[in-house]
Amino acid sequence: MSKAKSQDVDYYLKQSGVDTEREKEIGQHIGYRYDVNLVPDEARLTPFLKTYLATMGWSDLNWLEDVHMGYEEGRPAVFDRNINGWVSVPEDMTLPDNQQDRDMIARELLIKFQMSERHPMVDLYKAYRKF
Amino acid sequence: MAQLKSQHISHDMGLHTEQLAGRTQQTFFSPEEGENFTYPQAFEVDFEKSASFDAAEMEPQAINHRIAALMAAGHGHIVVRNPLAKHSLGVGILNRLKLEFEGSLGYFGCGLIDGPNVRIKGRVGWSCAENMMAGTVVVEKNAGSTFGAAIRGGDLVCMGDVGSRTGIDQKGGTVIVGGRTGAFSGFMMQRGRMIILGDAGINLGDSMYDGIIYVGGKIASLGVDAVPGEITELETEWVTRKLAAYGLEAPDGADKLQKIVAGKQLWNYDNLEPTEKKIVL
Numbered sequence: 001m002s003k004a005k006s007q008d009v010d011y012y013l014k015q016s017g018v019d020t021e022r023e024k025e026i027g028q029h030i031g032y033r034y035d036v037n038l039v040p041d042e043a044r045l046t047p048f049l050k051t052y053l054a055t056m057g058w059s060d061l062n063w064l065e066d067v068h069m070g071y072e073e074g075r076p077a078v079f080d081r082n083i084n085g086w087v088s089v090p091e092d093m094t095l096p097d098n099q100q101d102r103d104m105i106a107r108e109l110l111i112k113f114q115m116s117e118r119h120p121m122v123d124l125y126k127a128y129r130k131f
Numbered sequence: 001m002a003q004l005k006s007q008h009i010s011h012d013m014g015l016h017t018e019q020l021a022g023r024t025q026q027t028f029f030s031p032e033e034g035e036n037f038t039y040p041q042a043f044e045v046d047f048e049k050s051a052s053f054d055a056a057e058m059e060p061q062a063i064n065h066r067i068a069a070l071m072a073a074g075h076g077h078i079v080v081r082n083p084l085a086k087h088s089l090g091v092g093i094l095n096r097l098k099l100e101f102e103g104s105l106g107y108f109g110c111g112l113i114d115g116p117n118v119r120i121k122g123r124v125g126w127s128c129a130e131n132m133m134a135g136t137v138v139v140e141k142n143a144g145s146t147f148g149a150a151i152r153g154g155d156l157v158c159m160g161d162v163g164s165r166t167g168i169d170q171k172g173g174t175v176i177v178g179g180r181t182g183a184f185s186g187f188m189m190q191r192g193r194m195i196i197l198g199d200a201g202i203n204l205g206d207s208m209y210d211g212i213i214y215v216g217g218k219i220a221s222l223g224v225d226a227v228p229g230e231i232t233e234l235e236t237e238w239v240t241r242k243l244a245a246y247g248l249e250a251p252d253g254a255d256k257l258q259k260i261v262a263g264k265q266l267w268n269y270d271n272l273e274p275t276e277k278k279i280v281l
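Chains A and B, in that order, give the protein sequences. Quick note on the numbering used here: the first sequence kicks off at 1 and runs consecutively. Quick note on the numbering used here: the second sequence kicks off at 1 and runs consecutively.
A few of these clues could be false.
[Claimed, not checked] Simulated coverage check for chain B against chain A, where a stretch passes if three residues somewhere in it have a Cβ under 8 Å from a Cβ of chain A:
| id | segment |
| --- | --- |
| 1 | 44-57 |
| 2 | 78-91 |
| 3 | 119-130 |
| 4 | 208-221 |
| 5 | 238-249 |
| 6 | 252-261 |
[As the list claims (entries may be wrong)] If the Cβ cut is set under 7 Å, some of the chain A residues that face chain B in the computed set are:
| id | residue |
| --- | --- |
| 7 | Leu53 |
| 8 | Ser59 |
| 9 | Leu61 |
| 10 | Leu109 |
| 11 | Ser116 |
| 12 | Tyr125 |
Note that these hints are calculated values from the structure, not bench results. Ideal placement from N, C-alpha and C gives every residue a C-beta, glycine not left out.
Make a model of the complete structure from these sequences and hints.
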């Protein structure tokens, strides 16, 4: 992600992100729409995340280090690798003014969704489990 | 064959009625979501409840089934004695669990796991923890080639040396090598982090799309589109904390690690004519 884009936390909420000639030519954005290399600031862990890490026996965010608040179709969203799709953040949720705190919210939301009975993996597991 | 497909339970559940429209599926977080910390289908286990068994005379599939049966019985700490370098042990565990192997593993050990904390008191063969989703895997001795192939999340640690193509096609997570790593490590890496405390072989980070590689020793050569980057203060703190969690530290301090990132010259690869590719590369 370019420096100009990374400096504005709302860039992909306000802009399409289709900026370069190549992106305009193909009509879509190239690359990630957030800084995938941003390592987490563990001082910003939420109480929910602390409980989750303790439950799993991990000393840090583990796989959640790769979860960030992204943006899909002009809305904040989180990519769920288990369904290979974006999960949109509730419209009435107020986002913090920095990416680190947004990432922590994204991690918390994703955990709650993945561990719920309404996650699509629950039906897939029932249908296709082998053992 | 068509008749067999229509009889599958997934048809009765309505999983084949969705019309794919070629756009991102619209799924929304629910504000009323419960606060669960494990998958709905996961076994309820207790880390304080231990079990162990001798795997010397068992086939790999029987060993994996024994591990699953012990988890189903609520054991959160399982010790496997005498794994004898058998292949595909400890695979497909989608559960929180403390799992120890007292000995070495063969090929594809601990692949496709999502959650467990594994410790291997020996060596591992090719493709240890391939496609790992979450959890921790610590190998106390050396590892073979394609260590952490296509890893998507979690921490994968080898205290010794590893073979070539470490973290090939890495899509997330953290791969830590206490010693040296072979040629083409980080090949086609797409995201995630790799920390190599010793030397790195030729063509490090070849064709990497994104992600970060930190190296404490000498780099024999960089691969195509792998370029030096500048380590930040936040990264220094993160690397120091991550290494300390496994009793490791950077040889000259985390701030002295060499940082390698993608040059991103390959991002528009399909936009170039063959002659232009040569100029770029």
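Against the structure, the hints come out as follows:
A count of 1 residues in the segment 44-57 of chain B with a Cβ less than 8 Å from any Cβ of chain A is obtained; the coverage claim is therefore unmet, three being the minimum. Counting residues of the segment 78-91 of chain B whose C-beta sits closer than 8 Å to any C-beta of chain A gives 0, which falls short of three, so the coverage hint is violated. Requiring three or more residues with a Cβ within less than 8 Å of a Cβ of chain A, the coverage given for the segment 119-130 of chain B is violated, as only 0 such residues are present. Counting residues of the segment 208-221 of chain B whose CB falls under 8 Å from any CB of chain A gives 3; the rule of at least 3 is met.
Counting residues of the segment 238-249 of chain B whose beta carbon lies closer than 8 Å to any beta carbon of chain A gives 4, which reaches the threshold of three, so the coverage claim holds. Counting residues of the segment 252-261 of chain B whose beta carbon lies closer than 8 Å to any beta carbon of chain A gives 1, which falls below the threshold of three, so the coverage claim is violated. The criterion of a C-beta within 7 Å of any C-beta in chain B is not met by Leu53 (chain A), whose closest approach is roughly 9 Å, and the hint is violated. For Ser59 (chain A), the interface hint holds, the least distance from its beta-carbon to any beta-carbon of chain B being 5 Å, beneath 7 Å.
For Leu61 (chain A), the shortest C-beta to C-beta distance to chain B is roughly 10 Å, which exceeds 7 Å, and the interface hint is violated. Checking Leu109 (chain A) against chain B by beta carbon gives a least distance of about 5 Å; that is within 7 Å, so the hint holds. Against a cut-off of 7 Å between C-beta atoms, the interface hint on Ser116 (chain A) holds, since the closest Cβ of chain B lies about 5 Å away. Given the 7 Å rule on beta carbons, the hint for Tyr125 (chain A) holds: about 5 Å separates it from the nearest Cβ of chain B.
Hints 1, 2, 3, 6, 7 and 9 from the earlier list are contradicted by this structure; the remaining hints agree with it.
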